Amino acid sequence: MAEELILLKNDGNPDARALSFYKAGGGYQALEKALGMQPAEITEEVKKAGVRGRGGAGFPAGVKWTFVPKEAPKPKYLCCNADEGEPGTFKDRALMEWDPHMLLEGMAIACFAIGIHTAYIYIRGEFHWITLILEQAIAEAREANLLGPDILGKGFDLEIYVHEGAGAYICGEETALIESLEGKRGQPRLKPPFPAVVGVFGGPTVVNNVETLCCVPHIINRGADWFTSIGPERNAGPKIFPVSGHVRKPGNYELPMGTPLREIIYDVCGGIPGDRKLKAVIPGGSSTPVLSADEVDVNMDFDSLAAIGSMFGAGSIIVMDESTCMVRALTVLTRFYAHESCGQCTPCREGVPWMYDILKRIMRGAGKPEDADLLLDICSNIEGNTICPLGDAAVGPVRSFIQKFRSEFDQYIETGKSSVGDAGFDFRPAD
Amino acid sequence: MSESEQKQNDAGWSAEIDELISRLLGHYPDKMAALLPVLTAVQREKNWLSLATMDRIAECLELSPRHVYGVATFYTMYNTEPVGKWHLQLCQNLSCSLVGGVQILAHLEQKLGLRAGQTTADKRFTLTTVECLGSCGSGPVLQINDVYHENLTTEKVDEILEGLD
Ligand SMILES: Cc1cc2nc3c(=O)[nH]c(=O)nc-3n(C[C@H](O)[C@H](O)[C@H](O)COP(=O)(O)O)c2cc1C
Ligand code: SF4
Ligand code: FES
Numbered sequence: 001m002a003e004e005l006i007l008l009k010n011d012g013n014p015d016a017r018a019l020s021f022y023k024a025g026g027g028y029q030a031l032e033k034a035l036g037m038q039p040a041e042i043t044e045e046v047k048k049a050g051v052r053g054r055g056g057a058g059f060p061a062g063v064k065w066t067f068v069p070k071e072a073p074k075p076k077y078l079c080c081n082a083d084e085g086e087p088g089t090f091k092d093r094a095l096m097e098w099d100p101h102m103l104l105e106g107m108a109i110a111c112f113a114i115g116i117h118t119a120y121i122y123i124r125g126e127f128h129w130i131t132l133i134l135e136q137a138i139a140e141a142r143e144a145n146l147l148g149p150d151i152l153g154k155g156f157d158l159e160i161y162v163h164e165g166a167g168a169y170i171c172g173e174e175t176a177l178i179e180s181l182e183g184k185r186g187q188p189r190l191k192p193p194f195p196a197v198v199g200v201f202g203g204p205t206v207v208n209n210v211e212t213l214c215c216v217p218h219i220i221n222r223g224a225d226w227f228t229s230i231g232p233e234r235n236a237g238p239k240i241f242p243v244s245g246h247v248r249k250p251g252n253y254e255l256p257m258g259t260p261l262r263e264i265i266y267d268v269c270g271g272i273p274g275d276r277k278l279k280a281v282i283p284g285g286s287s288t289p290v291l292s293a294d295e296v297d298v299n300m301d302f303d304s305l306a307a308i309g310s311m312f313g314a315g316s317i318i319v320m321d322e323s324t325c326m327v328r329a330l331t332v333l334t335r336f337y338a339h340e341s342c343g344q345c346t347p348c349r350e351g352v353p354w355m356y357d358i359l360k361r362i363m364r365g366a367g368k369p370e371d372a373d374l375l376l377d378i379c380s381n382i383e384g385n386t387i388c389p390l391g392d393a394a395v396g397p398v399r400s401f402i403q404k405f406r407s408e409f410d411q412y413i414e415t416g417k418s419s420v421g422d423a424g425f426d427f428r429p430a431d
Numbered sequence: 432m433s434e435s436e437q438k439q440n441d442a443g444w445s446a447e448i449d450e451l452i453s454r455l456l457g458h459y460p461d462k463m464a465a466l467l468p469v470l471t472a473v474q475r476e477k478n479w480l481s482l483a484t485m486d487r488i489a490e491c492l493e494l495s496p497r498h499v500y501g502v503a504t505f506y507t508m509y510n511t512e513p514v515g516k517w518h519l520q521l522c523q524n525l526s527c528s529l530v531g532g533v534q535i536l537a538h539l540e541q542k543l544g545l546r547a548g549q550t551t552a553d554k555r556f557t558l559t560t561v562e563c564l565g566s567c568g569s570g571p572v573l574q575i576n577d578v579y580h581e582n583l584t585t586e587k588v589d590e591i592l593e594g595l596d
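In order, the protein sequence lines correspond to chains A and B. The first sequence begins at 1 in our numbering and counts up by one. The second sequence begins at 432 in our numbering and counts up by one.
Don't take each hint at face value.
Under the rule of at most 20 Å between Cα atoms (straight-line distance), these lysine to any residue pairs were calculated in the SDA-like manner [said to hold, decoys possible]:
1. Lys368/A - Trp354/A
2. Lys462/B - Tyr161/A
3. Lys184/A - Leu455/B
4. Lys184/A - Tyr500/B
5. Lys462/B - Gly202/A
6. Lys184/A - Gln474/B
7. Lys184/A - Asn576/B
8. Lys462/B - Lys368/A
Source of the hints: derived by calculation from the structure; they are not laboratory data. Since the structure is predicted, the reported quantities are computational estimates derived from the model, not experimental observations.
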């Protein structure tokens with residue numbers, strides 16, 4: 001375990017929100033330092049640190065920043081992705097709720113490095129109380145000349161605005177987020193052009209996750225070498241792991257990238273209630289392929305999870321013990337993706353609700369012998385055939401649940417009922 | 432139509448909303464971008480978004496009413512029908528389900544005498560099931576208007592309901 005908390009050190013402390021508290025702990029020193037550097041130097045340092053996007057895709061932040069053209073006819077923008085919609089994920093809210101200035105400082109440094117003067121925090125609308133916290137922090141920072149015109153007398157101007165979404169998971173996808181910020185339905189755009197070239201309001205736009213941006217002040221303060229000293233190569237840094245489901249102590253845990261999953265479940269989170277047996281783990285948020293109990297000796301980082309055919313995603317761990325019916329669990333997840341499809345592409349709009357219908361049929365006891373194969377077949381027809389990755393995200397759980405727990409599906413179809421019973425939770429066929 | 436319903440249907444809003452709109456317009460290079468925040472603020476004040484309200488928003492932001500309806504119906508947080516004074520939104524996604532979310536649903540339905548998706552006859556409570564609220568480590572989670580209630584048990588739900596007028 002990391003001895004020193006970097007990201008969550010103020011978790012749960014309402015006093016830490018005040019600018020005075022943040023500054024007393026060395027806050028905004030990184031911004032002051034950055035404003036004395038060349039913008040390209042900052043980007044280079046972030047690139048060297050190799051911080052990979054914490055929103056799910058794992059793209060290196062510094063590299064993304066270099067994609068923004070230096071000269072553009074339209075203003076450039078930064079969008080901080082605070083949509084936090086992937087089931088199992090509840091980490092960005094902790095950063096914003098308890099350490100809002102860390103995010104603002106990270107955004108200000110990023111904007112200076114890229115040459116941006118307007119930034120938005122796109123936050124899911126349900127987090128309204130956090131919007132108020134952020135707005136308060138922005139007002140305080142502006143008052144102290146840490147945001148607004150001519151920051152710290154260094155001639156750099158930046159305004160940050162908080163923009164609330166309104167309950168659409170798809171708006172976490174970066175191009176849907178941009179559409180939504182423009183006041184439209186959140187329907188993803190075809191890429192290219194990539195947002196770094198044509199993004200919000202037609203200007204070059206960087207979209208970065210909250211946690212990614214919160215790493216930036218620390219990288220500037222302590223250097224890229226310090227950052228890469230935490231965690232494995234190509235997967236460096238501190239990371240917040242949100243853990244939910246069947247563990248004694250669910251919650252957010254900051255640990256080095258690469259911490260073994262078994263250690264997180266059994267040591268950090270106290271193991272499974274009632275010492276029941278582990279059955280399955282979703283390692284990185286609802287769309288990442290499920291792991292069976294014998295696969296949890298894996299390190300929690302991008303490359304290690306990819307190597308065993310899953311994904312790191314946002315590092316959001318959902319633990320399921322032996323009382324969980326996998327057919328039910330998958331039905332719940334598929335209902336979610338069916339509900340959240342934006343409806344633009346046929347394979348996603350038709351395919352995902354079709355998979356949900358088949359799963360409901362199985363749960364009603366009317367499953368057909370060919371249903372498991374039919375589900376796999378629909379997966380193949382969705383995958384890779386859609387505008388945005390939501391189609392693939394829906395496939396992730398369906399294919400992996402069926403492949404790894406096939407006998408449970410076949411048994412449910414054959415007997416018309418769950419082999420596990422209702423111990424874990426109940427599903428309402430009325431849905 | 433009762434007097435209160437008439438009031439609800441009235442497309443007017445407070446001076447604070449007018450002030451908010453002019454402030455919001457300074458945040459973006461065009462008016463359309465203010466649409467979501469305006470819909471949110473107006474709904475918070477008026478409980479729901481009637482056609483008349485949306486028409487007025489369209490006029491105010493120089494948008495076509497069709498665009499405004501299209502946006503309002505895309506996002507689940509916008510109520511295009513009236514909801515109860517207390518809007519109870521219970522998460523039914525996986526993490527919450529694993530720790531008792533469905534039992535909480537059954538309890539709420541029984542206590543309020545309705546099914547999810549319905550409003551009580553006295554218009555005090557609407558119960559809706561929703562997807563992940565981003566609070567999976569402290570489930571089951573129930574959002575009531577703007578407030579999250581976490582780590583729910585049936586006893587805790589009873590206490591919370593007693594506190595609502
Ligand atoms: C369906 C879908 C939902 C997403 N939801 C989120 C989200 O809630 N938060 C987030 O930061 N990224 C989300 N992403 C990833 C973003 O598209 C984007 O990659 C990310 O915000 C980039 O920031 P990062 O490089 O700092 O991670 C989502 C992607 C998809 C396809
Ligand atoms: S894959 Fe689904 S969510 Fe993504 S653009 Fe297509 S229909 Fe919309
Ligand atoms: S699953 Fe209920 S809040 Fe995420």
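Hint by hint, here is what the structure shows:
With a C-alpha separation of about 14 Å, the suggested pairing of Lys368/A with Trp354/A holds against the 20 Å cut-off. Between Lys462/B and Tyr161/A the CA atoms are separated by roughly 15 Å; this keeps the pair inside 20 Å, and the hint holds. For the proposed pair Lys184/A and Leu455/B, the alpha carbon gap of about 16 Å is at most 20 Å, so the pair holds. Simply put, Lys184/A and Tyr500/B have alpha-carbon atoms about 11 Å apart, close enough for the 20 Å limit, and the pair holds.
A distance of roughly 15 Å separates the Cα atoms of Lys462/B and Gly202/A; the hinted pair therefore holds under the 20 Å criterion. Using a Cα cut-off of 20 Å, the hinted pair Lys184/A and Gln474/B holds, with the two alpha carbons roughly 18 Å apart. Between Lys184/A and Asn576/B the CA atoms are separated by roughly 24 Å; this puts the pair beyond 20 Å, and the hint is violated. With a CA separation close to 53 Å, the supplied pair Lys462/B and Lys368/A exceeds the 20 Å bound.
Violation of the numbered hints given earlier is confined to hints 7 and 8; the remaining hints are satisfied by the structure.
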